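K.L.:
So the chains spell out like this:
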Amino acid sequence: MQRHDLATDDLRSLNAALQAQAAHTNQTEWEVLNPRGAHAIAVGLDAPIDVTVNGSTGYYCAGMNKQARIHVTGSAGPGVAENMMSGTVVIDGDASQYAGASGHGGLLVVRGNAASRCGISMKGIDIVVGGNVGHMSAFMAQKGSLVVCGDAGEALGDSLYEARLYVRGSVKSLGADCVEKEMRDHHRAELGRLLAAAGLDHDPGSFRRYGSARQLYHFHVDNAGAY
Amino acid sequence: MDDTPRTLPRYSATLTPEVMSEIRRAAATGIYDIRGGGAKRRVPHFDDLLFLGASISRYPLEGYREACGTGVVLGSRFAKTPLELKIPITIAGMSFGSLSGQAKEALGRGATLAGTSTTTGDGGMTEEERGHSAMLVYQLLPSRYGMNPDDLRRADAIEIVVGQGAKPGGGGMLLGQKITERVAGMRDLPQGIDQRSACRHPDWTGPDDMEIKILELREITGWEKPIYVKIGGARPYYDTALAAKAGADVVVLDGMQGGTAATQDVFIEHVGQPTLACIRPAVRALQDLGLHREVQLVVSGGIRTGADVAKALALGADAVSIGTAALVALGDNDPRWEEEYRALGTTAGAYDDWHEGRDPAGITTQNEALAARLDPVAAGRRLQNYLAVLTLEAQTIARACGKSHLLNLEPEDLCALTMEAAAMAQVPLAGTDWWPGKGGM
Numbered sequence: 001m002q003r004h005d006l007a008t009d010d011l012r013s014l015n016a017a018l019q020a021q022a023a024h025t026n027q028t029e030w031e032v033l034n035p036r037g038a039h040a041i042a043v044g045l046d047a048p049i050d051v052t053v054n055g056s057t058g059y060y061c062a063g064m065n066k067q068a069r070i071h072v073t074g075s076a077g078p079g080v081a082e083n084m085m086s087g088t089v090v091i092d093g094d095a096s097q098y099a100g101a102s103g104h105g106g107l108l109v110v111r112g113n114a115a116s117r118c119g120i121s122m123k124g125i126d127i128v129v130g131g132n133v134g135h136m137s138a139f140m141a142q143k144g145s146l147v148v149c150g151d152a153g154e155a156l157g158d159s160l161y162e163a164r165l166y167v168r169g170s171v172k173s174l175g176a177d178c179v180e181k182e183m184r185d186h187h188r189a190e191l192g193r194l195l196a197a198a199g200l201d202h203d204p205g206s207f208r209r210y211g212s213a214r215q216l217y218h219f220h221v222d223n224a225g226a227y
Numbered sequence: 228m229d230d231t232p233r234t235l236p237r238y239s240a241t242l243t244p245e246v247m248s249e250i251r252r253a254a255a256t257g258i259y260d261i262r263g264g265g266a267k268r269r270v271p272h273f274d275d276l277l278f279l280g281a282s283i284s285r286y287p288l289e290g291y292r293e294a295c296g297t298g299v300v301l302g303s304r305f306a307k308t309p310l311e312l313k314i315p316i317t318i319a320g321m322s323f324g325s326l327s328g329q330a331k332e333a334l335g336r337g338a339t340l341a342g343t344s345t346t347t348g349d350g351g352m353t354e355e356e357r358g359h360s361a362m363l364v365y366q367l368l369p370s371r372y373g374m375n376p377d378d379l380r381r382a383d384a385i386e387i388v389v390g391q392g393a394k395p396g397g398g399g400m401l402l403g404q405k406i407t408e409r410v411a412g413m414r415d416l417p418q419g420i421d422q423r424s425a426c427r428h429p430d431w432t433g434p435d436d437m438e439i440k441i442l443e444l445r446e447i448t449g450w451e452k453p454i455y456v457k458i459g460g461a462r463p464y465y466d467t468a469l470a471a472k473a474g475a476d477v478v479v480l481d482g483m484q485g486g487t488a489a490t491q492d493v494f495i496e497h498v499g500q501p502t503l504a505c506i507r508p509a510v511r512a513l514q515d516l517g518l519h520r521e522v523q524l525v526v527s528g529g530i531r532t533g534a535d536v537a538k539a540l541a542l543g544a545d546a547v548s549i550g551t552a553a554l555v556a557l558g559d560n561d562p563r564w565e566e567e568y569r570a571l572g573t574t575a576g577a578y579d580d581w582h583e584g585r586d587p588a589g590i591t592t593q594n595e596a597l598a599a600r601l602d603p604v605a606a607g608r609r610l611q612n613y614l615a616v617l618t619l620e621a622q623t624i625a626r627a628c629g630k631s632h633l634l635n636l637e638p639e640d641l642c643a644l645t646m647e648a649a650a651m652a653q654v655p656l657a658g659t660d661w662w663p664g665k666g667g668m
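Going down the list, the sequences are from chains A and B.
For what it's worth, the working numbering labels the leading residue of the first sequence as 1, then goes sequentially.
For what it's worth, the working numbering labels the leading residue of the second sequence as 228, then goes sequentially.
If you are wondering where the hints come from, they were derived from the structure by calculation, not from laboratory data.
Remember, it's a predicted structure, so these values are computed and weren't measured experimentally.
For each residue, glycine too, the CB sits at the ideal point set by N, CA and C.
Treat the hints with care, since some could be wrong.
What the hints assert, rightly or not - The following residues of chain A were derived to be distant from chain B, with all beta-carbon distances above 10 Å:
id, residue
1, Q2
2, P48
3, G58
4, R69
5, P78
6, G79
7, G93
8, S121
9, G150
10, E154
11, G192
12, H218
Unchecked claim - Here chain A is said to cover these stretches of chain B; the calculated rule only asks that three of the stretch's residues, wherever they fall, bring their Cβ under 8 Å from a Cβ of chain A:
id, region
13, 439–453
14, 477–486
Claimed, not checked - Taking CB as the label site, the calculated pair distances span:
id, chain 1, residue 1, chain 2, residue 2, range
15, B, G664, A, R12, 43 to 49 Å
16, A, D222, B, E249, 18 to 24 Å
17, B, A596, A, S173, 45 to 51 Å
18, B, A615, A, L33, 24 to 30 Å
19, B, E354, A, A197, 29 to 35 Å
One chain only, chain A, in its complex shape (with noise of 0.2 Å):
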């Protein structure tokens, strides 16, 4: 086990040790103390190793992440996870504004809630909250599945375009073009299989399923008042 105390260490030597992991490292378990809301920790990692942050991060943590699995106890503050391309981040605590912003893959977990814009624009990565997510979620959201086992917010899924969204409890309203749409069977395996890896153990069929109504993907004059 690899330890660093940002409470003595700065974030550089902390982000440079963890970038320098090659694909093969024998250094696979890391763990940070005292994070104190820092910014900007464990980010642009791109190695198959464990990082575990004991406390609450501020801005962007294991933002643009590849391969690593990155495990936050406390809370992470906005954008955690933010271009995430691969790997796992779990945060046991809340998550502030953009979470997993623009992220093209891996899976972000959070035990907790979400704030506003939870899965802004993301591009392939799957998101799966344990309580509720803010206004505007999954807003302009191409790729990948966001799983909310709690309510969502207003807007859920504005200017939605092939993103998958499944919502446990209610939503407060829908965004432009985001409509309800029928859960079938391959979208229950989907589901299962993210709440697995998320460990939780809800029922799939306890959710509702949120997608582009596909109405806005050529501008049309008579659509104008859904802008």
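Add chain B to chain A, keeping to what the hints say.
P.N.:
Frame of chain A; chain B shown alone:
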């Protein structure tokens, strides 16, 4: 036959034939006019300034004997590896998607031969441009199409795009006919749909957030890459100050004549400030922070000649950037394609339906047959030639003003032809020692 004298038909200065044609088009289609390029209206510009040249108080340098330096370093504030350009003229961000692969390759070739940088655009980095660009600036745009850490690390600099001069406050769009399989794949979108680019970044709002975003980018890239922040010509004093305060190495300032791949004509023509009006406030912002020259200022939007280059530098810029002019150098709007331009309802020199993907010159298109018309090697050479001419012209003027480096040009070398230009550039109206607002507004 009635031979009573008649007045000539008289067009309204308000409802011109052009305006009326747009009203008819709008009524027929129900959609605003979309086009590429920058503002076409006449606004105060570099043409409204003149250099004074040397006199008894200043003596000139010999044109064919005495050196006039052109090199500039961008990104020296915090980055470990700033860009060292041979000329203070860079190629602005233009996306693969809006441009063909051949055009991107040609831009890379020409810029590299000239010793300067080129820039990606919305849609990510292509092998054509990375492979042919010795110095490539990778844009981080609100859409984040194609954004990934590997390309971030193999870029030579990173440009956070907050806005652009053609549409400050606006996002972008790429219509379905240009969303080919390759373009769609790079953007993680279905093929053939109208693709929107967001106007705001998805994971930050405001300058304090941007400061943290810059920290993240520096941490991902080991503090090696210069970080540029590109702003549209909206509030140049405050935007420049905030970008510098947020930690930018370079501020790229794009005035309203700066081009775009496609947006609403009403946006291009009615939002933002002329380039000329933006430079002095941006320079003053850096001076007020004690950062002028430490944070480099790159100005774009309507740069066409070496005189424009020299004037922008004299007003305080460290470099300029060209987009539309570079496309013209490659072959855009060339009269050799006049017959085909006419078939599209336009004429060479006025073609701006870049979003439709039917460019006869093969530049603003994803149509393989059209794109194949552009030879990237020959087009790159034309761009190299053009950049050389811009540089030579700027040097000619600088020497005449007694400057041994282009960056030694200064506002005192200029006068203005009009009151408006004098006020915007804050240089004296020709024949006077006064400009509107001099001594405080």
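K.L.:
Give a verdict on every hint.
P.N.:
Here's how the hints hold up against the structure:
1. Q2: holds (18 Å)
2. P48: holds (15 Å)
3. G58: violated (7 Å)
4. R69: R69 of chain A clear of chain B: closest Cβ-Cβ about 17 Å, beyond 10 Å.
5. P78: P78 of chain A not clear of chain B: closest Cβ-Cβ about 7 Å, inside 10 Å.
6. G79: violated (4 Å)
7. G93: holds (19 Å)
8. S121: Not fine: 4 Å to the nearest Cβ puts S121 of chain A too close to chain B.
9. G150: holds (22 Å)
10. E154: holds (18 Å)
11. G192: Answer for G192 of chain A: holds, closest chain B Cβ roughly 25 Å.
12. H218: violated (5 Å)
13. 439–453: holds (count 9)
14. 477–486: violated (count 0)
15. B:G664 with A:R12: 43 to 49 Å: holds (46 Å)
16. A:D222 with B:E249: 18 to 24 Å: holds (21 Å)
17. B:A596 with A:S173: 45 to 51 Å: Holds - the Cβ-Cβ distance for A596 of chain B and S173 of chain A, about 47 Å, lies within 45 to 51 Å.
18. B:A615 with A:L33: 24 to 30 Å: About 57 Å separates the Cβ atoms of A615 of chain B and L33 of chain A, which means 24 to 30 Å is violated.
19. B:E354 with A:A197: 29 to 35 Å: holds (34 Å)
The structure does not agree with the numbered hints 3, 5, 6, 8, 12, 14 and 18 stated previously, though it agrees with the rest.
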